[in-house]
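> Here is what each chain is made of, one letter per residue.
Number of protein chains: 2
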Amino acid sequence: MPTVIALDAMGTDRAPKPEIEGAIQAARHDDIHVLLVGREAQLQEELASHPAAADLPISIINATEVVGMRDKAAQAMRAKRDSSMRVGLRLVRERRADGFVTAGNTGAAMATAKVALGTLPGVDRPGLAAVFPTATGSAAIMIDVGANVDCKPHNLEQFAVMGEVYFRSIFSKPRPRVGLLSIGEEETKGNELTFQAFHLLKALPINFVGNVEGRDLYNGNADVIVCDGFVGNVALKVSEGVAQTVRYMLKESLKSTIASQVGSLLARNAFKAFKRRLDYSEYGGAPLLGVKGACIVCHGSSNANAIKNALRVAAECARAGITRKIEHELAQIRHHAVLTHTT
Amino acid sequence: MPTVIALDAMGTDRAPKPEIEGAIQAARHDDIHVLLVGREAQLQEELASHPAAADLPISIINATEVVGMRDKAAQAMRAKRDSSMRVGLRLVRERRADGFVTAGNTGAAMATAKVALGTLPGVDRPGLAAVFPTATGSAAIMIDVGANVDCKPHNLEQFAVMGEVYFRSIFSKPRPRVGLLSIGEEETKGNELTFQAFHLLKALPINFVGNVEGRDLYNGNADVIVCDGFVGNVALKVSEGVAQTVRYMLKESLKSTIASQVGSLLARNAFKAFKRRLDYSEYGGAPLLGVKGACIVCHGSSNANAIKNALRVAAECARAGITRKIEHELAQIRHHAVLTHTT
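Residue numbers (my numbering), protein chains in the order written: chain A, 7 to 349; chain B, 7 to 349.
Think of the hints as simulated: they come from the structure by calculation, not from any bench.
Heads up, a few of these hints could be off.
It does not matter which identical chain is meant; a pair holds if it fits inside one copy or across any two.
What the hints assert, rightly or not - Derived SDA-like pairs (lysine to any residue); straight-line CA-CA distance at most 25 Å:
| id | residue 1 | residue 2 |
| --- | --- | --- |
| 1 | Lys298 | Arg221 |
| 2 | Lys257 | Ser55 |
| 3 | Lys257 | Asn227 |
| 4 | Lys257 | Ser65 |
| 5 | Lys257 | Arg340 |
| 6 | Lys257 | Pro139 |
| 7 | Lys23 | Ser307 |
| 8 | Lys298 | Arg20 |
| 9 | Lys208 | Ala59 |
| 10 | Lys78 | Arg221 |
| 11 | Lys195 | Arg340 |
| 12 | Lys257 | Phe138 |
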C-alpha cells in the first residue's frame, strides 16, 4: 500500500504548479499517494493539464483559504480554519494521511502543526532542522532553525535527541556525530546556555562529539549540529548571504576579461555541477521534529524537484516511524534520569 | 611627526617575518614610526636581512616572553609580564606609542588590553569589530566578534556607539547605517536581548536602520552590524566555512572535465581578482573598541600586507582620535539619558 502524504498545494511562490508537478513525480516513482490540498477547482484545472497523471494515485482535497507569506503565524492559525495548511495537517491528525508537506509560511506552518497535531510527550518545543550538503559530499543537519529563541538547556537536549533519531533513520548512519554549536572546541568555550547544554548532551546515550564551531557546519565534522533557534537562524541566513555574495563576486570577476569569458564558457558544465552540489532542493526541505506526525517544511521558492523530494522524505519519515522513535528515546532518557535521580 | 605604533612582532604563525616586512612597508609609505616589540636579538637579525630598512623609522623594543596561541587568556596576562603583547600595550599606556597592533592570541590580546590600557569611561565591555567586504564593494563591520557572550542590552548599545564612531571616522561615511542582527526585519522578530536592545538603539542619535538578518552581512544593507559576541563569532566562522566550502566545491567541479580545466586556466585572473575581493587582509584586522588606546588585532595567519594595513589603520585611529570620540559620544548619551530621566 502506498504511503499517503498530504501536500499543501498552495504554498510555493508559484503555487500550485511546482506542487502538482512534484506530486506527479512522487506518485509515479516513490510509491506515494498524494493528497493535494487547496482550492479544488484550481487544482483540478492544473492537474487536467497533465494527462499522464490521470492514472496516478493523486487526490484533491478542498480547502478554501490560503495562508499568505505575510500573514502572522498566530493570526493565520486562528483566523484561517479552512486553509490548505490547516486542512492538510488535519488529515494527518485524523490518520487519513501519514505525513504532511508545505512550502508555505514557515512560522505559520510551525504554529499550526503544533496546534493541529500536538507535540510529542517529552517535547517542550518542536524543532525545525535544516538539511544541507557538506564539503565531504554527505549531508548534515542543524536544529533548531525554526526561531525557537531564548532556549533553555533542556530544549537543546531534546533537539539533540530528535536530530539524532532523524539523521540515523533518514541518512542510515548508525552513530551520527552530534555537536553543540559554540565559539570554541573546548568545553570551557561558550555561553551560559551551551555550558549547561554541554553537560546534558554529554550524558545522553548518543555519539556526542562536543562543541563545534561555525566553520564546522559545512566541513562534515558533525552530522547533527544543535543550537538555539536564534543562532541557527542567523547561521543559516549568513550561509545564504555568503554563498550569494561569492557567486556574485565570481561572476563579476569572470565578466572582466575576454579570456575569462571564454574560460567561463568552457567551465560552464563545472559551474552547473557546482550549483547542483549546493542545491538544497535535493534534501527536500526541513523536517519539523517533535510534533505528532511527519511534517516537512519547504522553502517558498521550491521547484517541482524540491517538492518531490520533500514528499519522498515525508514518506520515509512515516515509514521509519520517526515520531514513534523520538517519543521512545525521550521516554527512555526521562526514565534514566528518574532512575539516576532516585538512586 | 610620524605616528608611533607599537607592533607585537611575535604574533603571527610565521613571526617575526610578516611583522618585519609589514613594518618596513608601513614605515616607508604611511608616515609611521614602528616600534617592533619582541626578542631583541631575533628581531635585529631579521631586520638586518633588509638593508633598505636601515634608514626607516623602525625601532626595536625588547620583550623576553611570547604569548602562545594555546595559552589561556587570563593565565597569559598574569604569568607573562614581559610578553611582547604586554610590553607593546604598556608603550601605549605610557604614551610612548599612539597605537598597538598584534596578530597574537585574540583572547589574550583582549584581556591584556583591558588590563594594561583600561576601558574608557562609559564602556562596560570593550568590543572587537570584524571588518569585511560586501557585494557592493564597500566595507561593513560587525561588533562584537570578540566572544563577549551573554551580553546585556546596554552592552549592545555601547557596541553600536563605538562601531558607529569607528566606521564614520575610518571609512569617512558621515551617517553610517547601523543595524541590529536579528532573525527578521520586523521589530517584533528576535529574542529577549534584541527586543530590549532595539529600543535602546532606536533612541540613540545614530542612523539606526532597525533589525538586519544574517544575509544582510554581505549585501551592503548595513555598515555597522551590532550583535552579542556569541552570535557574532558564529556568524564570522560560518562565513569562513561557507567561503571555504564554496571554493573547494568549485575547484572539485572544475577539475572534472578537460574543457573545465582549460576554462579554469583561462579564468585564472578572474579567480585571482575574486580572491582579492574576498581578502580580509586589505582591512588590516579587527579594531578593539572601548579600551584607552588604538588597538588592532590581526589574524594569526596574517601576511605582511595585512600587518602593513593594520599599522595604517592603527595610525588612522590614533590620528582621528577614535578613543576620544567614543568617550565623548558615550558621555553625551549618558548625559542625555540622565536629562530624560530627571525631567
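> In ascending order, which of the hints set out earlier in this document are inconsistent with the structure?
1, 2, 4, 5, 8, 9 and 11
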